[in-house]
Amino acid sequence: MYKYDEYDQRIVDERVSQFRDQTRRYLAGEIAEDEFLPLRLQNGLYIQRFAPMLRIAIPYGMLNTRQVRRLSEISRKYDKGYVHFTTRQNVQLNWPLLEQVPDILADLAEVEMHAVQTSGACIRNTTTDQFAGIARDEIVDPRPWCEIIRQWSTFHPEFAFLPRKFKIAVCGSEEDRAATMVHDIGVHAFRNENGNVRFKILAGGGLGRTPMVASVIRESIEPEHLLTYLDAILRVYNRYGRRDNKYKARIKILVKAMTPEVFTEKVESEWEQIKDSASLLPEAEIQRVSQHFIDPEYKGLVDQDFNDLALKAPAGFHSWLKQNVFPHKKSGYCAVTLTLKATGDAPGDVSAEQLDVIADLADQYSLGELRVSHEQNLIFADVEQTALIELWEKLSAVGLATANRGLLTDMICCPGGDFCALANARSIPLAEEIQRKFEDIDYLHDVGELDLNISGCMNACAHHHVGHIGILGVDRKGIEYYQVQVGGSASKEAALGKIIGPSFKREEIPDVLEKILNVYIEQRHEDELFIDTCQRIGITPFKERVYAQAA
Amino acid sequence: MPRLLKNNEVLENDYRILDSESADQAFAGTLLIPAKELSRYKKLLEQKQQPTGLFLDSDDEVESYADILSSFDLITINFPKFIDGRGYSLCRTLRDRYHYKGDIRAVGDVLIDQIFMLQRCGFSSYYLREDQKAEDAIKALDTFTLRYQGSSDDPEPLYRKRKAS
Ligand code: HEM
Ligand code: SF4
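Line order of the protein sequences matches chains E and C. Under this note's numbering, the first sequence has 70 at position 70, and the numbering climbs by one with no breaks. Under this note's numbering, the second sequence has 691 at position 140, and the numbering climbs by one with no breaks.
Derived by calculation from the structure, the hints in this document are not laboratory data. Please read these numbers as outputs of a predicted model, since none were measured by experiment. You may find that some hints are simply not true.
Distance condition first, Cα-Cα at most 25 Å in a straight line; then the derived PhoX-like pairs of lysine-lysine [said to hold, decoys possible]: (1) E:275 - C:632; (2) C:599 - E:329; (3) E:505 - E:543; (4) E:330 - E:394; (5) C:712 - E:165; (6) E:394 - E:165; (7) C:712 - E:246.
Looking at chain C on its own, in the form it has when it is part of the complex (with noise of 0.2 Å):
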């Protein structure tokens, strides 16, 4: 069963993750770079041959990567445990920081009742836990017609759209 939801479509996998054995060039789709270990791979990120990623822990510190977001293709962030509420944080904080404008990714503990609120957060993209089911998920994006404060997705908080009453 795919479970990669992007753009309200459900797809196929299309990144892996790089460990120490498989610096595996045949993959087709994207390599996805562990934050922790940015800088053994420098140099395949440098003479970037296939689209490269970003993967990025819960805890680990998106203002160290500030100056080379832009050379990632896409970044995922983890989600150890969908209880593990920054990834929330760190999405925004690309978002509305690094102002970084390519896909964002929510892996790992991916549950459709969160989807709501990390679109909110910035999330473009999400690689749902094997046992969720992807219509549901994709129901699960309207959840809510209306959102009092401002975020990532939409800055402008309810308050400055209101009808004067």
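Here chain E stands alone, though its shape is the one from the complex (with noise of 0.2 Å):
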């Protein structure tokens, strides 16, 4: 995990400073609310439904163990004692008070942690691959790649005031699990014929009103030449990005608009004017960033016999390493995930007690660091697969061994209605929903793989446009309903779902959900997921049968 140096540790704390001030000036009445919203969103705060809201970077997902207590001891000290884990590798506080974000700003610099660029029109926090440096179809480890992106872009000038705010993800492996194709840039790590590292960049993903698929605008660029072409990309999109009206002001429509070809061209000709600069990222600081994140010292272990440890383990642990334990580079090593979905726990949710416990057992079975998914999950990395049952039954004891990792009820979930000012409706209570009525652990390992995404307005938070079912809450005259779509993909060969007909009441999303099930379980080939049926199939059955008794 990369530690901070003299250097990092003082910009995060002139940050501190200068929020202190900020905050002080704009309580004084020096700076207008309309002013102050920028500083402070820049700073993660935001002004929600009920109070303020702490949005606190957790870059490319790393965190160890003492950074977990700090947050239980934040939430407890200045909140009412949980944290929400989002889709951005970010974690929330839901109920600060303003006067004392900047104390808990200096608490979080004191574990080198912040808020920097949370939210805002800028560049926000970088994310990847929550296996990353792990994976065994990793090609390279993103996590240098994106610590050296974080700097580059913190507190970057020219780009403090974009039109709109700002995505970047980096993935490296066979297998894309950062959604790289929905963000404003994603960069896709590989190695040339020659083993080399070089990048594929691709640009104009996102989600939201319009949402899109990301084109390539270069096949592959050195790594020296990373950081300019990211400052060219994002200089033609600050200069030519529209202003006049926020839901055109992404740069997915300045790519559609532009087209890509023109849109490269474009980029490709201020790159040239800058590639040569003193930005030109040397090898050596490559391999200083590096060096953060070369392998522990793992112990040569042998790979167990998985059928072997079920059966010497207790009822439900087979179903929880079958769906929640994934392959470790290492032999003898395994990742486990601690999905943040038992039923009635607010998706994302963690209280400060099961922090505590989570860090004491990351400490004994993670090498002391874990990992959050865009999927609102945490992650031991490094668990050998001997403690696999020992670190199982703790885990149970404290409700964080629910065995549903990529099932229906692994739901990506935004806060909705309950919190968020901007929702349509409330997703919390239909994820609790869904989550009674597919309670049987049996078939839902039946019914297999599934992304649900469910957000509660198009702002699409939750990325309900890529879950293989989608689920938007909409406002039909004051009243909450909920569309449904099927056939979205966050994947490499990433897909928009489609709107299967009009939209429902939130009691019958449940029988919906299960009618849709329904064909698939019908219709499926062996072994064939819910996502490539749906490709196969389209959505016309799905449909068909959904509206059947309307009909």
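Make the complex out of the two chains shown on their own, each in a separate frame, by following the hints.
Quick look at the structure:
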């Protein structure tokens, strides 16, 4: 994990002083509301439905246990004793007091954390694969590149007032576990025929009102040019992105309007001017940052026979092993997902008590570190396989061993109408109703991998467009309704889901889901995943079944 | 209250934007020609009698004036609203691509909380919005003592300066 040096620490400390002064001036009436707004947003501070909301960055999803303990302390001291993990590898406090935010930031800075650029029209927290560095299908470890991008984007003076927010995601594996295709910039790290690291650059993806899949704008770029190339893209966007209409201000609209070809030409000609500037990234810096992400001293272990392991264990362990344990590049090790999706808990929420237990267990079983995934889950990345049963027992005791990773009830879900001022509908109670209906773990395992994403409005914070099943809260004459779409995917072959028809009342949704699943179960070929069946048969069979009585 | 900030000093305003009525030759300071009306004032620029500058709005294309930049004593870049960040890129383009060496001034909705970044992008003076406190603006120039990325004020990114660790 990246460890701050004196420079990194000083920058974060100076940010705390800056924000303390800005908050003081705002409270003293020296900064107007609308002028404080972008300042606080660039520090993660929203004013929400009931209270301010503070979004804290977890750069590329990596946390150590000191930081987890600090989050737990902060949530007790300044908030209501729980935190919320988001789809952007961030964590949110839902009830802080504005006056106390500078103190919270100071407490965070002590453990190398901050809320820099977690909101606002600037370059946001860069996200990546939660299994970065340990995945068996990994080609290039994205973490050093994410850290390099983090530093480059932190207080980038030219890009603090962009037309809109700007999100970058990096992946370096066969599979894309970071939804890079629906980000403003997606960076795909790969190795060329000589084994050298290169990046494929995509731009113009994004969700919200006008969802779009990103276009490739450069097939390959050398590492030393990564930052200048990003500079060039951002400069073109900053100058030509629309500012007259916030719904048309995202880079996806610019890329579409210009066409990806013309956009690319503009970027290339800008880049030609700056590519050999002092911002060329030297090998020494790449090395320096990479040193922070070299493998820990793994023990020489052998892979366990998982069938054997399951036989020895109590009932319940088997499904967890099958679903929540992920292969590791080192034999004898594995990664374990703690889904924050137990029935009745708001997806992504963790209590302070649970955080403390998580920290203890990560120290004991996972080298003192953990990860946050964009599915709003936590991951222990370096678990010895022989310790799995023990770990499962301890997690079960605190409600963190729900065996549903990647299944229907492991939904991505935004805070919706319970917290968010923009919502058309409530997401959390719907998530709970779905979890209650589909509690039978054997049934869920039979249905298999399925991304269900629920957003409370078209801003798409829960990525409903790229859920295999996506649910969107809509407002019809002041009443909450839910629209259903199927066939979306956030993989490298990203696809946007299609709406199956008129929307439903909340209480109808669990049955609608059941009908959709029945169609799949009847029609699937052996071992065919839901999304593959969807793509093969299209939406008509789902539509016909769901709306059958109405006809 | 004077509100022109230049070289850490607070000064009286010394520029005026030309408009159709007042090709006001009596004004002793710098006369600014709006980029959009440059063709109308070509003569004035050629027979320059007094300091003359260029007024760029945030949607102006710097590229169009590349050939004549050196004839201007001052370039102002307008911030119609402080959240319109185009001026930052314009200034960097003037400094880094066209190597403009004269004074580049931020004018319009210029607030102290943006000053640090404006300076980094190559601005050398600031005509603050009326209600801004000039002393605070001077302080704001030192908000951060370190910067990660290179920019027009200092092209060397931190990674070229870090002590080997
Ligand atoms: C509760 C306060 C929140 C507010 C006010 C808010 C606001 C918004 C808005 C306005 C957009 C639309 C941007 C656009 O035009 O494309 C958006 C998109 C998004 N937000 Fe949120 N959001 C909130 C919470 C969250 C949370 C909790 C998450 C994660 C669970 C999240 C993640 C995202 C993502 C991933 C997008 C889509 C990005 C894209 O379009 O590419 N937001 N949010
Ligand atoms: S999708 Fe809408 S309701 Fe949900 S968090 Fe985002 S803005 Fe709020």
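Right, here's what the structure says about each hint:
1. The straight-line distance between the Cα atoms of residue 275 (chain E) and residue 632 (chain C) is roughly 31 Å, outside the 25 Å bound, and the hint therefore fails.
2. For the suggested pair residue 599 (chain C) and residue 329 (chain E), the alpha carbons sit about 72 Å apart, so the restraint of at most 25 Å is broken.
3. The straight-line distance between the Cα atoms of residue 505 (chain E) and residue 543 (chain E) is roughly 16 Å, inside the 25 Å bound, and the hint therefore holds.
4. Between residue 330 (chain E) and residue 394 (chain E), the direct Cα distance comes to roughly 24 Å. Compliance with the 25 Å bound is thereby established for this hinted pair.
5. Note on residue 712 (chain C) and residue 165 (chain E): the hinted pairing is violated, with a Cα-Cα distance of about 30 Å set against a maximum of 25 Å.
6. Among the hinted pairs, residue 394 (chain E) with residue 165 (chain E) is inconsistent with the structure: their alpha-carbon atoms are about 40 Å apart, more than 25 Å.
7. About 39 Å separates the Cα atoms of residue 712 (chain C) and residue 246 (chain E), which puts this hinted pair outside 25 Å; it is violated.
Of the hints listed earlier, those the structure fails to meet are numbers 1, 2, 5, 6 and 7, in rising order.
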